[in-house]
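K.L.:
Assemble chain B onto chain A, guided by the hints.
There are 2 protein chains.
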Amino acid sequence: MGAAKTVAGQSTEMPEIAEALGRMEALLRAVGTEPLALDEAVGRVCAGTLAARLDAPPFAVAAMDGYALRWADADGPLRCRGVARAGDPVGAPVLPGTCRRIFTGAPVPPGADTVVVQELAEVAGEQVRILAGAEARRHIRPAGSNLRAGDPVVQPGIRLTARHVGLIAAAGHGEVVVHRRPRVAILSTGNELSDRFAADRATQILDTNRPTLKALVRAWGGVPLDLGIVPDEPGALSATLARALGAGDVDLLVSSGGASVGEFDYVGPSLTALGFEPAFRKVRMRPGKATLFGRIDGLPVLGLPGNAVAALVSALIFLRPALSLLAGAGRAALPEEQAVLATPLPATGPRTTILRGHLGRGANGGPTFAALADQDNAMLSGLAAADALALRPADAPPARTGEPVAIVRFDRAPGF
Amino acid sequence: MGAAKTVAGQSTEMPEIAEALGRMEALLRAVGTEPLALDEAVGRVCAGTLAARLDAPPFAVAAMDGYALRWADADGPLRCRGVARAGDPVGAPVLPGTCRRIFTGAPVPPGADTVVVQELAEVAGEQVRILAGAEARRHIRPAGSNLRAGDPVVQPGIRLTARHVGLIAAAGHGEVVVHRRPRVAILSTGNELSDRFAADRATQILDTNRPTLKALVRAWGGVPLDLGIVPDEPGALSATLARALGAGDVDLLVSSGGASVGEFDYVGPSLTALGFEPAFRKVRMRPGKATLFGRIDGLPVLGLPGNAVAALVSALIFLRPALSLLAGAGRAALPEEQAVLATPLPATGPRTTILRGHLGRGANGGPTFAALADQDNAMLSGLAAADALALRPADAPPARTGEPVAIVRFDRAPGF
Numbered sequence: 001m002g003a004a005k006t007v008a009g010q011s012t013e014m015p016e017i018a019e020a021l022g023r024m025e026a027l028l029r030a031v032g033t034e035p036l037a038l039d040e041a042v043g044r045v046c047a048g049t050l051a052a053r054l055d056a057p058p059f060a061v062a063a064m065d066g067y068a069l070r071w072a073d074a075d076g077p078l079r080c081r082g083v084a085r086a087g088d089p090v091g092a093p094v095l096p097g098t099c100r101r102i103f104t105g106a107p108v109p110p111g112a113d114t115v116v117v118q119e120l121a122e123v124a125g126e127q128v129r130i131l132a133g134a135e136a137r138r139h140i141r142p143a144g145s146n147l148r149a150g151d152p153v154v155q156p157g158i159r160l161t162a163r164h165v166g167l168i169a170a171a172g173h174g175e176v177v178v179h180r181r182p183r184v185a186i187l188s189t190g191n192e193l194s195d196r197f198a199a200d201r202a203t204q205i206l207d208t209n210r211p212t213l214k215a216l217v218r219a220w221g222g223v224p225l226d227l228g229i230v231p232d233e234p235g236a237l238s239a240t241l242a243r244a245l246g247a248g249d250v251d252l253l254v255s256s257g258g259a260s261v262g263e264f265d266y267v268g269p270s271l272t273a274l275g276f277e278p279a280f281r282k283v284r285m286r287p288g289k290a291t292l293f294g295r296i297d298g299l300p301v302l303g304l305p306g307n308a309v310a311a312l313v314s315a316l317i318f319l320r321p322a323l324s325l326l327a328g329a330g331r332a333a334l335p336e337e338q339a340v341l342a343t344p345l346p347a348t349g350p351r352t353t354i355l356r357g358h359l360g361r362g363a364n365g366g367p368t369f370a371a372l373a374d375q376d377n378a379m380l381s382g383l384a385a386a387d388a389l390a391l392r393p394a395d396a397p398p399a400r401t402g403e404p405v406a407i408v409r410f411d412r413a414p415g416f
Numbered sequence: 001m002g003a004a005k006t007v008a009g010q011s012t013e014m015p016e017i018a019e020a021l022g023r024m025e026a027l028l029r030a031v032g033t034e035p036l037a038l039d040e041a042v043g044r045v046c047a048g049t050l051a052a053r054l055d056a057p058p059f060a061v062a063a064m065d066g067y068a069l070r071w072a073d074a075d076g077p078l079r080c081r082g083v084a085r086a087g088d089p090v091g092a093p094v095l096p097g098t099c100r101r102i103f104t105g106a107p108v109p110p111g112a113d114t115v116v117v118q119e120l121a122e123v124a125g126e127q128v129r130i131l132a133g134a135e136a137r138r139h140i141r142p143a144g145s146n147l148r149a150g151d152p153v154v155q156p157g158i159r160l161t162a163r164h165v166g167l168i169a170a171a172g173h174g175e176v177v178v179h180r181r182p183r184v185a186i187l188s189t190g191n192e193l194s195d196r197f198a199a200d201r202a203t204q205i206l207d208t209n210r211p212t213l214k215a216l217v218r219a220w221g222g223v224p225l226d227l228g229i230v231p232d233e234p235g236a237l238s239a240t241l242a243r244a245l246g247a248g249d250v251d252l253l254v255s256s257g258g259a260s261v262g263e264f265d266y267v268g269p270s271l272t273a274l275g276f277e278p279a280f281r282k283v284r285m286r287p288g289k290a291t292l293f294g295r296i297d298g299l300p301v302l303g304l305p306g307n308a309v310a311a312l313v314s315a316l317i318f319l320r321p322a323l324s325l326l327a328g329a330g331r332a333a334l335p336e337e338q339a340v341l342a343t344p345l346p347a348t349g350p351r352t353t354i355l356r357g358h359l360g361r362g363a364n365g366g367p368t369f370a371a372l373a374d375q376d377n378a379m380l381s382g383l384a385a386a387d388a389l390a391l392r393p394a395d396a397p398p399a400r401t402g403e404p405v406a407i408v409r410f411d412r413a414p415g416f
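Respectively, the protein sequence lines represent chains A and B. 1 is the number of the first residue of the first sequence in the UniProt record's numbering; add one for each residue after it. 1 is the number of the first residue of the second sequence in the UniProt record's numbering; add one for each residue after it.
With the rest of the complex left out, here is chain A (with noise of 0.2 Å):
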């Protein structure tokens, strides 16, 4: 569609988020797979199907407190002979003419077709005798109406939770296979930045993006590789590189630039010195345009903007999925959802516009989205205040408030 509905070649030099995302979804891969126990897998994404290895529960068991016995029994009065809890072993047989007190989970003895519960059990001393409204077979939970040996109990690609793990032990693992955790290698280019604050260095520019997307590997479920700040020098980017392919564990390298002006310019030859195959150089975003992303060498590269905003929001759009399919979790769909304009907006001009605000509670106790008054991108302390972000389509007239709109909570990615 966006091909469609923008000047010819537009798309292909700076697609729209969606045509981006296609196109490095396309080129990445799921990584390599371990064993884990089964309580550290909790978030990991598994790597193979696991059958239940026995029948849970193992033998029949009662669904309700009461007595169990034979159907055929039921007119007679009954002598009760034993008691069966929770726990116990398969008892003896039920014989004809007894029934057994019987509780919640406990084994139903050999021969007892039936529970009745207690409250339709008229009982005097030893003797029991079963009220109207019993029924034959109830109240039994037959082996293996949990789980069956052989049932599948979990499939490759769904992210563990702490449910499937009980299910898991349930059905007799102690260990699930799961993709290891992805690699991801990262620096910053730019020769104003430093990395740590010096009192004596008033002037200074400190390097924000390399915590904060090493923050976001790690809340994202990989594992951050710190390459450090890269002078703007291209034999010096080109070294580094070098190095991360060269060292051969890298699952995605990450850079960010130290400047918001020109950085595709400055880039741009070092990667096409180290063989870079582009998918897409620019995004039809903002912020965010100076996004990209290709391979070298078939590793996945993912170029963000050097603004501290513009990084952080990139890396929503596009590092958060680009992690998902790396772990094998298949495509993560940025969480949109639709809100009420508390504020009016501005018209977007060319590019898909995206915004910071606040969330509210409407009217009809929907969301409501009310823009920060401050909108530039140098501002990480607006960000970091704000709880959502309004994503509006390029060319968009002016908003009034009231109109719907597509958000992203930000509570709805975690760490974000």
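Treat the hints as calculated values from the structure; they're not laboratory data. For every residue, glycine included, the Cβ atom is placed at its ideal position computed from N, Cα and C. Mixed in with the good hints, there may be bad ones.
Distance windows between CB atoms, simulated [to be verified]:
{"#": "1", "chain 1": "A", "residue 1": "Thr-272", "chain 2": "B", "residue 2": "Pro-156", "range": "37 to 43 Å"}
{"#": "2", "chain 1": "B", "residue 1": "Thr-343", "chain 2": "A", "residue 2": "Arg-295", "range": "45 to 51 Å"}
{"#": "3", "chain 1": "A", "residue 1": "Arg-361", "chain 2": "B", "residue 2": "Glu-119", "range": "37 to 43 Å"}
{"#": "4", "chain 1": "A", "residue 1": "Ala-347", "chain 2": "B", "residue 2": "Gln-127", "range": "21 to 27 Å"}
{"#": "5", "chain 1": "B", "residue 1": "Arg-361", "chain 2": "A", "residue 2": "Glu-126", "range": "56 to 62 Å"}
{"#": "6", "chain 1": "A", "residue 1": "Arg-138", "chain 2": "B", "residue 2": "Pro-231", "range": "30 to 36 Å"}
{"#": "7", "chain 1": "A", "residue 1": "Gly-246", "chain 2": "B", "residue 2": "Glu-337", "range": "38 to 44 Å"}
P.N.:
What follows is chain B alone, placed relative to chain A:
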């Protein structure tokens, strides 16, 4: 409210969920603190206030590409002298009658008080003429407009995200003091339980609660300590509890029973012998009635039902907020929202009733809830396949398709 509506004494003996949560929360305190590198701190809870150590930006920078000039000179033609790019040091002053080519993010040179965007400048060789529409003092981000030295950037109790990490880095800090991960000791009780599948023991009952609870503790930010399966002998439980208490580094003890009947009758005397001070011994909910909370010698103890489904449901309601309080993040409300019933439901009986089900999308775009046909508490497979719980009040009449119902989506409690 619970107290007023129920028989006197009942609310003390078997409180409603909200009352039980309140009693638990009153007894939990945040654990100690540790310093962490910024990128390792995502998801952890800030334990102090951090203030900016420098202005950001450290000097005034251009907010647009254009020309930096003295507004007093804007009427006449200007000679363009030099270029300022992002990352450049602050340059020489702009002399009267001159301007400087400047790009977004570049330091505004001394003397200049205005940046005129390039679209409002007519350039002929070195000569620049400012067009109508340019405005005084525009397009300059003053020093400290993002952060001012001394500004607080994070407060105690904030759960840190990557956006906070960026802001803390911009403020000149390389680490942050956070609450350490709460240490949670976990045990199961029950003679019938085994830990490891044995192909020659077809009727074994595997302990699913310990792997599940360890997984939940990890997912919800704690460190699990496995105390194993404790046999059904009061001496054994006392010995294990004494060992856990003696270790001194446990923040919360979580037990789950091995049987669904008579659990407290068994665990109770062991706890009492150890000086257990109960906050509650059961909860007016179904499943999950057999949940208890209190302290032994100051150590918080949460007892969960032995049944796997009941233990998971009770963990969502009690363990999740307990970990939030221990981690310093304050109260974590159950993330309840409204849905519409896609299936009718029966009347509920004397306890808050919690049902497993699948989510769908209703005609108006909101969520619908279809209860699983089998609500048997033994059906871990059903819980694993479900998307949400519905919570219905005690003594509610049957509900029809289309009626509203309170739900908790599992994806709102990641890891569950």
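K.L.:
CB of Thr-343 (chain B) to CB of Arg-295 (chain A), is that within 45 to 51 Å?
P.N.:
holds (49 Å)
K.L.:
Can you let me know if the beta-carbon spacing of Arg-361 (chain B) and Glu-126 (chain A) is within 56 to 62 Å?
P.N.:
Taking Cβ atoms as reference, Arg-361 (chain B) and Glu-126 (chain A) lie about 57 Å apart, which means the hint holds.
K.L.:
May I ask you to test the hint 37 to 43 Å on the CB atoms belonging to Arg-361 (chain A) and Glu-119 (chain B)?
P.N.:
holds (41 Å)
K.L.:
Between Thr-272 (chain A) and Pro-156 (chain B), does the C-beta distance stay in 37 to 43 Å?
P.N.:
violated (49 Å)
K.L.:
Look at the Cβ atoms of Arg-138 (chain A) and Pro-231 (chain B) and judge whether their distance stays inside 30 to 36 Å.
P.N.:
holds (34 Å)
K.L.:
In this structure, is the beta-carbon distance linking Gly-246 (chain A) and Glu-337 (chain B) contained in 38 to 44 Å?
P.N.:
Given range 38 to 44 Å: violated, Cβ gap about 50 Å.
K.L.:
If I claimed the Cβ atoms of Ala-347 (chain A) and Gln-127 (chain B) lie 21 to 27 Å apart, would that claim hold in this structure?
P.N.:
Given about 34 Å between the Cβ atoms, the range is violated.
The structure fails to meet hints 1, 4 and 7 from the earlier list, while all remaining hints are met.
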